[in-house]
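Enquirer: With these hints in hand, go ahead and build the complete structure from the sequences.
Chains as they are written, first to last, in numbering that gives the first Met the number 0: chain A, 0 to 456; chain B, 0 to 456.
Don't read these hints as lab results, they were simulated from the structure. Nothing here was measured: the structure is a model prediction, and the numbers come from that model. Check before you lean on any hint, since a few could be wrong.
Where chains are identical, the list cannot tell them apart; a pair therefore holds if satisfied intra-copy or between any two copies.
As a list, the in silico BS3-like pairs of lysine-lysine whose alpha-carbon atoms are at most 27 Å apart [claimed, not checked]: (1) Lys-4 with Lys-55; (2) Lys-4 with Lys-81; (3) Lys-62 with Lys-9; (4) Lys-55 with Lys-9; (5) Lys-81 with Lys-55; (6) Lys-203 with Lys-307; (7) Lys-9 with Lys-81; (8) Lys-242 with Lys-9; (9) Lys-307 with Lys-17; (10) Lys-265 with Lys-401; (11) Lys-4 with Lys-62; (12) Lys-193 with Lys-166; (13) Lys-242 with Lys-265; (14) Lys-401 with Lys-411; (15) Lys-17 with Lys-403; (16) Lys-433 with Lys-401.
Number of protein chains: 2
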Amino acid sequence: MAIQKPSIPKGTRDFGQKEMARRNYIFDTIRSVFRTYGYQQIETPAMENLSTLLGKYGEEGDKLLFRILNSGDAFAGIDPDKPVVPQICEKGLRYDLTVPFARYVVQHQSDISFPFKRFQIQPVWRADRPQKGRYREFYQCDVDVIGSTSQVNELELVEMVDAVFGKLGVRVGIHINNRKVLTGFAEIAGAPDKVVDITVAIDKLDKIGLEKVKEEMADKGIAAGGIAVIEQILSLSGSFQEKLAAMRALFEGGSASGICSETGLKGLAELEELFGLIETALVQAPVEMDLSLARGLNYYTGAIFEVKALDWEIGSICGGGRYDNLTGIFGLPGLSGVGISFGADRIYDVLVGLDLFPASLAESTTLLFAVMGADELRYVIPVAKALREQGVAVEVYPEPAKLKKQFDYADKKNIPFISINGSTEMEAGTVNIKNLSSGEQKAFSATDMAAILAFLN
Amino acid sequence: MAIQKPSIPKGTRDFGQKEMARRNYIFDTIRSVFRTYGYQQIETPAMENLSTLLGKYGEEGDKLLFRILNSGDAFAGIDPDKPVVPQICEKGLRYDLTVPFARYVVQHQSDISFPFKRFQIQPVWRADRPQKGRYREFYQCDVDVIGSTSQVNELELVEMVDAVFGKLGVRVGIHINNRKVLTGFAEIAGAPDKVVDITVAIDKLDKIGLEKVKEEMADKGIAAGGIAVIEQILSLSGSFQEKLAAMRALFEGGSASGICSETGLKGLAELEELFGLIETALVQAPVEMDLSLARGLNYYTGAIFEVKALDWEIGSICGGGRYDNLTGIFGLPGLSGVGISFGADRIYDVLVGLDLFPASLAESTTLLFAVMGADELRYVIPVAKALREQGVAVEVYPEPAKLKKQFDYADKKNIPFISINGSTEMEAGTVNIKNLSSGEQKAFSATDMAAILAFLN
Numbered sequence: 000m001a002i003q004k005p006s007i008p009k010g011t012r013d014f015g016q017k018e019m020a021r022r023n024y025i026f027d028t029i030r031s032v033f034r035t036y037g038y039q040q041i042e043t044p045a046m047e048n049l050s051t052l053l054g055k056y057g058e059e060g061d062k063l064l065f066r067i068l069n070s071g072d073a074f075a076g077i078d079p080d081k082p083v084v085p086q087i088c089e090k091g092l093r094y095d096l097t098v099p100f101a102r103y104v105v106q107h108q109s110d111i112s113f114p115f116k117r118f119q120i121q122p123v124w125r126a127d128r129p130q131k132g133r134y135r136e137f138y139q140c141d142v143d144v145i146g147s148t149s150q151v152n153e154l155e156l157v158e159m160v161d162a163v164f165g166k167l168g169v170r171v172g173i174h175i176n177n178r179k180v181l182t183g184f185a186e187i188a189g190a191p192d193k194v195v196d197i198t199v200a201i202d203k204l205d206k207i208g209l210e211k212v213k214e215e216m217a218d219k220g221i222a223a224g225g226i227a228v229i230e231q232i233l234s235l236s237g238s239f240q241e242k243l244a245a246m247r248a249l250f251e252g253g254s255a256s257g258i259c260s261e262t263g264l265k266g267l268a269e270l271e272e273l274f275g276l277i278e279t280a281l282v283q284a285p286v287e288m289d290l291s292l293a294r295g296l297n298y299y300t301g302a303i304f305e306v307k308a309l310d311w312e313i314g315s316i317c318g319g320g321r322y323d324n325l326t327g328i329f330g331l332p333g334l335s336g337v338g339i340s341f342g343a344d345r346i347y348d349v350l351v352g353l354d355l356f357p358a359s360l361a362e363s364t365t366l367l368f369a370v371m372g373a374d375e376l377r378y379v380i381p382v383a384k385a386l387r388e389q390g391v392a393v394e395v396y397p398e399p400a401k402l403k404k405q406f407d408y409a410d411k412k413n414i415p416f417i418s419i420n421g422s423t424e425m426e427a428g429t430v431n432i433k434n435l436s437s438g439e440q441k442a443f444s445a446t447d448m449a450a451i452l453a454f455l456n
Numbered sequence: 000m001a002i003q004k005p006s007i008p009k010g011t012r013d014f015g016q017k018e019m020a021r022r023n024y025i026f027d028t029i030r031s032v033f034r035t036y037g038y039q040q041i042e043t044p045a046m047e048n049l050s051t052l053l054g055k056y057g058e059e060g061d062k063l064l065f066r067i068l069n070s071g072d073a074f075a076g077i078d079p080d081k082p083v084v085p086q087i088c089e090k091g092l093r094y095d096l097t098v099p100f101a102r103y104v105v106q107h108q109s110d111i112s113f114p115f116k117r118f119q120i121q122p123v124w125r126a127d128r129p130q131k132g133r134y135r136e137f138y139q140c141d142v143d144v145i146g147s148t149s150q151v152n153e154l155e156l157v158e159m160v161d162a163v164f165g166k167l168g169v170r171v172g173i174h175i176n177n178r179k180v181l182t183g184f185a186e187i188a189g190a191p192d193k194v195v196d197i198t199v200a201i202d203k204l205d206k207i208g209l210e211k212v213k214e215e216m217a218d219k220g221i222a223a224g225g226i227a228v229i230e231q232i233l234s235l236s237g238s239f240q241e242k243l244a245a246m247r248a249l250f251e252g253g254s255a256s257g258i259c260s261e262t263g264l265k266g267l268a269e270l271e272e273l274f275g276l277i278e279t280a281l282v283q284a285p286v287e288m289d290l291s292l293a294r295g296l297n298y299y300t301g302a303i304f305e306v307k308a309l310d311w312e313i314g315s316i317c318g319g320g321r322y323d324n325l326t327g328i329f330g331l332p333g334l335s336g337v338g339i340s341f342g343a344d345r346i347y348d349v350l351v352g353l354d355l356f357p358a359s360l361a362e363s364t365t366l367l368f369a370v371m372g373a374d375e376l377r378y379v380i381p382v383a384k385a386l387r388e389q390g391v392a393v394e395v396y397p398e399p400a401k402l403k404k405q406f407d408y409a410d411k412k413n414i415p416f417i418s419i420n421g422s423t424e425m426e427a428g429t430v431n432i433k434n435l436s437s438g439e440q441k442a443f444s445a446t447d448m449a450a451i452l453a454f455l456n
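Expert: See the structure below:
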């Protein structure tokens, strides 16, 4: 067979030891926090039926699904008068963790105790055009609770964000909005179908100024009366409580249009309750109401979250919100849920950028027994084993080799201690261990694990 | 949109909290042992180029690959005079972890320090017919070292098997064979192309008796002189050392055929060295030479391993061997490696069968704060947070609800402690915690974490 130059599909990655240690550090940190809040891990298959996936991510999303050719003779018995692809592909790769989660909840509803708190850390696949920071295979890290409308759930998500980034040492800001408030704005502006346009306008005020925003609104087909209301919204200022009071007045009919919005008032009540709970819970990260936050607007029905690193420019590293009918499409209506997703790749980049990975992650092995001959090799094998039983990562160089080669091996693998033994040590029943960075060297009884452990720590 | 009854593709599985806790226990145990031996974790993409995968698993294996439809318009510009599938599918799902590992080593050879000790725990996909215990998606858990021919590597694999199953509490037997010895048998039987037939014959002696074995050999086209040699091999008995000596005599020309086998002698030397090292390392599990072990015969070139549970009938739970030219097909010849693979699904079944999973895995959350009203809810939030910071898994029931409902929730989630507080506790600044199995109940100062932790442990 011809020799192949090996490569991997574009947009995919290999992870070596160093990246794995760092990625595991992130995932383990996140997982440990999720667990203290009683969230349970689940896993779903990489492949889902296309009937589960199609139509859930919009037309664009459907195009980005990786489809799997039916096994066996995929083309056997296909009807030439019908589209081919649906006949030859019944399965696709998971596009996100949300739809499989909804499918899971419906499929296993009789085994689940609600409220169901789950987390899931698995790769997803998207046939997106690969570019810097955008991959075709990447991990998502989702935490959701379904079956409770209480704002305590929103609070716990905020607490978990606070705890995770606290442990990772990353200063973050948490931005919160509420979809019902945005809906309320559109309602009192007399343009209930223009939620997105209005939110985008609110977001642009700082950049382009009031006049340009008003022009843009007019271009979007919002009537003069509506634009007057938007101007009132854009002029909101003051403390959180002052803004809340001003918005309440607008929603109660006090805006230029005189229209009331029950939905807007409901959104304000949710925001107020959530911010009160956040205060009770002594959340460390700054949390702010951000009326321009429009993330996943077609999807979320209540709280909307976004988290940004304060000391590193990279966009959102975490986000989510409340959705009211995720499981409806699979036949289980009326379940409200709220969740957030941690962006592992961006968090990785932030930790690299701010140099926040613990130095210990770079070490794979603590001690290398260099080997000069067959007798020395046999001599150190039981010592290595005893140390491993104490949890120390130990390597025995597998064959006698030049010391230079063995030192190089230790150096390349970042191994901080080396042990070189010969007939002197064997006769004395000792092992000789050297700290490669300090140069300190000591002999130990080969059975005195406590002393060796103390030297290695 | 029509409501869909949700399902997953046949041969795939969802894993709920209980299964995840158990699977993580197995993987964490295996991982912790691998780490103490200096093995480094890597991950490769789920999708590989089909050019990497095809032709590596035999004709049958090629058919079992899951192929991924090219994204975009897969049928655009295809040549109708050529086979369609290779034109519409360039990628496939990983079929095992061995070929991606070989690809990885070649692709990253300049970054790797050899001997390269790696492990990899990831799912693989095979379009096999699903049946009990056989899935289309399952995890493999492989550990390999590449770039060293020393038998110390074989020893370390045996030590790791011993340590993993020791930690899991499963008594196992480790069976070892050597491909070179089997080749030697075929050589001295004058039938160097009949290695598999001869190995199968050796395996059948106990079941069908000598005469039937000889008949079968004749049917397989082995000449009378060769059968006489096989009879000599089948009559091998005695201790390991006695068998070794007898085989050495056969390979040195002392068999009925008078043929010598250098390869056979090399295999014996390897076996002898490995068993000597195993003795030095004080391996606890029984290790035996098993000349009938024919696992992966087309593939392995030296040691062959198989591990069986002694107290549960399920077949091999772990296996592997040495291969000499894994990376050759990708352009890096001459690297010898040895590895084993742990069968996670079977190990899971053994642990269930022998009831060896720790009881603590069944608990997800330690303490539930039941909630009777909004004030009590706010009262317990900071207490819950303080306990979580100590690493305790705590849930706060997210909204006031009937106590019966909250107790049911605790019961279904196996939560062992519940805390119910009202105005009395709020005024006193205490929390009241009940051990649901013993019935013991105690009040604690809401800030005395040490006392609460002691009660929960």
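Enquirer: Work down the list of hints and note, for each, if the structure agrees.
Expert: For each hint, the structure was consulted:
no.	hint	in the structure
1	Lys-4 with Lys-55	between (39 Å within a copy, 15 Å between copies)
2	Lys-4 with Lys-81	between (40 Å within a copy, 24 Å between copies)
3	Lys-62 with Lys-9	both (17 Å within a copy, 24 Å between copies)
4	Lys-55 with Lys-9	both (25 Å within a copy, 22 Å between copies)
5	Lys-81 with Lys-55	within (23 Å within a copy, 36 Å between copies)
6	Lys-203 with Lys-307	within (19 Å within a copy, 67 Å between copies)
7	Lys-9 with Lys-81	between (32 Å within a copy, 25 Å between copies)
8	Lys-242 with Lys-9	neither (48 Å within a copy, 54 Å between copies)
9	Lys-307 with Lys-17	within (25 Å within a copy, 34 Å between copies)
10	Lys-265 with Lys-401	between (75 Å within a copy, 25 Å between copies)
11	Lys-4 with Lys-62	between (30 Å within a copy, 23 Å between copies)
12	Lys-193 with Lys-166	neither (41 Å within a copy, 61 Å between copies)
13	Lys-242 with Lys-265	within (15 Å within a copy, 84 Å between copies)
14	Lys-401 with Lys-411	within (16 Å within a copy, 61 Å between copies)
15	Lys-17 with Lys-403	within (24 Å within a copy, 50 Å between copies)
16	Lys-433 with Lys-401	within (17 Å within a copy, 64 Å between copies)
Checked against the numbered hints listed earlier, the structure breaks hints 8, 12; every other hint is satisfied.
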